[in-house]
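Student: Letter by letter, the chains look like this.
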Amino acid sequence: MSDYENYAKGSPLEVKVISKRFGIPNSASIDVYLQHDGYKALQKALGMKPDDVINEVKNSGLRGRGGAGFNAGMKWSFVPKQSSKPKYVVCNADESEPGTCKDRPLMEYDPHQLIEGILIAGYAIQSQQGFIYIRGEYRYLMEIVDRAIEEAYARGYLGKNILGSGFNFDLCTHTGAGAYECGEETALLNSLEGLRGYPRVKPPFPAVVGLYGGPTIINNVETLSNVPHIILNGAEWYAKLGTPKNGGTRLFCLSGCIARPGVYELPMGFPLRRMIEEVGGGVLGGKKLKGVIPGGSSCPVLTADEIDVAMDYDSVAKAGSMLGSGGVVVLDEDTCMVKVAQRIAKFYAHESCGWCVPCREGTAWLKNLLTRFHSGAGVEDDVDTGLDVALNILGKTLCPLGDAAAMPAISIFKKFRHEFEEHLRLGRCPYEKRTVSVA
Amino acid sequence: MLSDALKAKFDKIIARYPLKRSAIVPLLMFAQDEIGYVSDEAIEEIARRVEVRPIEVIEDIGYYSMLHRQPLGKYNIQVCTNVSCLLRGGEEILEHCSKKLGIGHKQTTPDGLFSLEEVECLGACCGAPAMQVNYDFYENLTPQKIDALIEKLRSDGAKKSP
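Line by line, the protein sequences are chains B and A.
Heads up, the first sequence is in my numbering, so the first residue is 1 and it goes up one at a time.
Heads up, the second sequence is in my numbering, so the first residue is 1 and it goes up one at a time.
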């Protein structure tokens with residue numbers, strides 16, 4: 001189990017839609033879910049035409065919460081109506097983007113909300129089977145979701161002729177076994193087919209040729225958890241919660257050097273500065289802010305001068321970074337940016353699946369260069385060499401892991417070049433090693 | 001020998017998929033949970049049940065970081081040092097565990113009770129620094145909490161071991 005406090009600290013600035021049941025005793029049970037509007041959206045959806053369900057989701061402005069930010073309803077609309085092969089719904093619960101821990105509370109405290117979202121997605125594309133791909137480390141969550149699935153079968157929300165509608169749908173969980181790459185949708189499909197998690201060439205996109213060759217939609221846990229609320233309250237209501245083309249709310253995971261780390265549900269477009277200062281209680285220990293990773297470790301770092309940005313997909317993109325997976329990592333004045341770059345590079349080198357040469361070789365180069373540099377053995381050309389390596393990974397790989405490794409590195413090389421120079425001048429890291437700080 | 005309960009679980013899991021080989025990774029994980037590692041026998045059994053060659057099962061084992069061919073300690077301590085934990089002292093936690101147990105990354109204590117691993121993000125960023133012992137999460141760690149936990153696990157482990 002997780003420490004509830006870490007994931008639902010609460011702030012008066014929150015707008016609770018998908019986290020509204022967090023904190024209710026036994027919120028994961030079907031009885032409590034049914035007492036709080038549970039499965040009403042499914043009932044409503046089953047009375048609608050599948051295309052109308054897709055349009056409702058499309059018009060709500062719900063965008064993929066895994067990181068890519070593609071309009072979810074649009075993704076569903078690419079699934080062909082007629083298909084000789086079965087269609088599938090796959091829920092991506094392989095949450096592993098560093099800085100991101102939002103799918104955890106969604107599955108721990110409200111697994112039926114997710115199941116209902118998957119059912120509605122299944123009805124919308126006329127699929128009869130779904131899978132929830134859960135990262136191997138989240139075993140306790142898989143057990144919670146498995147229990148919820150059992151309850152849903154027992155009450156007739158899963159299985160044959162659901163609520164007498166004639167709609168059939170089967171759902172089960174599937175455990176991963178430790179591989180960041182399997183969070184990439186086509187690698188996830190290969191993994192789900194029992195193969196190594198290597199990415200596939202796109203096109204064809206999974207909506208046309210996906211799991212077992214059938215049309216497949218793959219959506220993140222948070223994306224699907226929003227669907228029941230959109231169906232129940234309407235696209236217009238949902239869209240208005242956020243900013244134009246960025247509907248709804250978003251779970252933001254505040255971590256790092258922040259006074260009140262936690263998962264907070266805030267309207268899309270919430271200002272980043274207020275998120276840090278008011279929601280998160282400011283930088284830990286009253287220190288000065290140095291920078292922010294706005295959406296998980298694959299995003300370019302924003303400096304302290306760049307945080308006057310609305311946290312929606314388009315605004316953060318305009319500011320030169322990405323909203324990503326909602327993992328907001330706060331970096332204070334005592335943070336060594338060379339070390340941050342090194343640790344992130346080490347992660348991507350470890351997780352590169354090795355399929356594409358620029359990523360396999362480039363991530364190892366970046367890790368080795370930054371490790372040597374941080375240890376005090378850097379040379380003057382290193383920053384330019386590192387930048388060159390990163391730029392030669394960018395856009396040259398099948399899946400976004402290569403870009404994910406390159407982008408933070410490029411941003412740190414460029415925006416914090418003075419810190420590299422400081423290391424060179426001193427021949428060592430000028431910062432003290434991080435120790436445990438009890439707030 | 002794989003237990004009957006595990007074999008029954010295998011049957012149930014394989015039946016979920018349109019293609020049997022989809023079950024390979026879940027079956028490996030559950031076999032490992034029971035045996036402590038992935039044994040040759042488990043590979044043969046899984047390959048037979050999902051109708052692939054053993055080499056195809058072995059290919060998967062090499063890819064996934066949670067699957068291993070050698071026994072680990074009874075308590076596998078996995079400390080995250082990725083960015084959110086790094087900023088909260090994750091490296092100090094790792095060093096502390098290492099000193100306390102007298103072992104390094106991917107090593108096991110001679111009594112077979114503990115193994116230690118530096119791991120990537122566990123999804124416990126808001127409770128950093130964090131670690132997992134087997135599948136259990138421990139968050140907001142301090143060296144003192146680690147000491148207390150290791151003592152507790154040591155006495156639990158001694159009790160249950162024959």
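For the record, the hints were derived by calculation from the structure and aren't laboratory data.
All residues carry an ideal CB built from backbone N, CA and C; glycine is no exception.
Hints are supplied without guarantee of correctness; some may be wrong.
[What the hints assert, rightly or not] Here are the simulated BS3-like pairs of lysine-lysine, each with C-alpha atoms no more than 30 Å apart in a straight line:
1. Lys145/A with Lys85/B
2. Lys240/B with Lys20/B
3. Lys318/B with Lys288/B
4. Lys7/A with Lys160/B
5. Lys49/B with Lys20/B
6. Lys433/B with Lys20/A
7. Lys288/B with Lys58/B
8. Lys318/B with Lys240/B
9. Lys160/B with Lys145/A
10. Lys74/A with Lys7/A
11. Lys202/B with Lys20/A
12. Lys287/B with Lys12/A
13. Lys160/B with Lys288/B
14. Lys40/B with Lys240/B
15. Lys433/B with Lys99/A
16. Lys20/A with Lys81/B
[Said to hold, decoys possible] To give a feel for the contact side, a few chain A residues facing chain B, derived at Cβ under 7 Å:
17. Lys100
18. Ile103
19. Ala124
20. Tyr135
Student: Could you work out which earlier hints the structure fails to respect and list their numbers in ascending sequence?
Tutor: 1, 6, 7, 9, 12, 13, 17 and 18
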